[in-house]
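S.K.: Sequence:
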Amino acid sequence: MKISLLFSIVLFFTFPMWGQKSLRALNQVYTKNELKAFKEQHGNLDLLEFAYDNAISLIPNNGNKNIEEFPVVKKTTHFTDLKVKILPYTQYFRTETPGELLAVKSMYQLQLAYKGSKK
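Numbering (numbering that gives the first Met the number 0), first residue to last: 0 to 118.
Keep in mind that the hints were calculated from the coordinates and are not lab data. Keep in mind that a hint or two might mislead.
In silico BS3-like pairs for lysine-lysine, Cα to Cα no more than 27 Å straight-line [as the list claims (entries may be wrong)]:
#1 Lys20 / Lys73
#2 Lys64 / Lys31
#3 Lys114 / Lys82
#4 Lys20 / Lys64
#5 Lys82 / Lys64
#6 Lys84 / Lys74
#7 Lys35 / Lys114
#8 Lys20 / Lys74
#9 Lys38 / Lys82
#10 Lys73 / Lys84
#11 Lys35 / Lys82
#12 Lys35 / Lys84
#13 Lys117 / Lys84
#14 Lys35 / Lys117
#15 Lys84 / Lys114
#16 Lys20 / Lys114
Throw the hints in and build the complete structure from the sequences for me.
M.R.: This is the structure:
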């Protein structure tokens with residue numbers, strides 16, 4: 000009984016911090032006015048918070064296309080680490096792994112994925 004009570008108390012105080020991490024990261028990329036405008040347009044920041052963990056895809060260059068034009072970045076799982084915003088189009092970067100692209104999904108792709116995650 001004491002263990003479950005202690006676990007519940009720990010969860011109560013740490014759970015809000017998990018959501019705050021994504022919000023802190025979004026504040027490093029977006030201005031307060033941009034976040035306010037996003038919230039007014041979409042009703043909340045849920046889509047951007049979803050994007051924090053779901054906007055990145057790693058893509059192998061199996062077709063051996065020329066990818067030299069894309070900037071090089073370190074692999075990450077959060078688009079905010081790249082200091083980029085979610086845009087209407089997909090953004091591509093090369094990773095330090097030869098022949099690998101990192102894609103930051105477009106707003107449309109994220110909206111579809113977000114809706115799909117709610118089913």
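S.K.: Has the given pair, Lys20 with Lys73, been kept, meaning a C-alpha gap of at most 27 Å?
M.R.: holds, 20 Å
S.K.: Below or equal to 27 Å on CA atoms is what counts here, so check Lys20 against Lys114.
M.R.: The given pair, whose Cα atoms are some 22 Å apart, holds under the 27 Å limit.
S.K.: Is the hinted pair Lys20 and Lys64 satisfied, with a Cα-Cα distance of at most 27 Å?
M.R.: This hinted pair is violated, its Cα atoms lying about 37 Å apart.
S.K.: Are the Cα positions of Lys117 and Lys84 separated by 27 Å at most?
M.R.: holds, 23 Å
S.K.: Please verify whether Lys84 and Lys74 have alpha carbons no more than 27 Å apart.
M.R.: Answer holds: Lys84 to Lys74 is near 17 Å, not above 27 Å.
S.K.: Please work out if Lys82 and Lys64 have their alpha carbons no farther apart than 27 Å.
M.R.: holds, 26 Å
S.K.: Checking one constraint from the list: CA of Lys20 to CA of Lys74, max 27 Å. Satisfied?
M.R.: Within the cut-off at roughly 19 Å; holds.
S.K.: Please work out if Lys35 and Lys117 have their alpha carbons no farther apart than 27 Å.
M.R.: Roughly 23 Å separates the two Cα atoms, so the pair holds.
S.K.: What's the verdict on Lys35 and Lys114, does the C-alpha distance respect the 27 Å limit or exceed it?
M.R.: holds, 22 Å
S.K.: Against the 27 Å threshold, does the CA-CA distance of Lys73 and Lys84 hold or violate the hint?
M.R.: Distance of about 17 Å is within 27 Å: holds.
S.K.: Are the Cα positions of Lys64 and Lys31 separated by 27 Å at most?
M.R.: Outside the cut-off at roughly 39 Å; violated.
S.K.: Does Lys114 pair with Lys82 here, judged by a C-alpha cut-off of 27 Å?
M.R.: Answer holds: Lys114 to Lys82 is near 25 Å, not above 27 Å.
Hint compliance for this structure: hints 2 and 4 are broken, all remaining hints hold.
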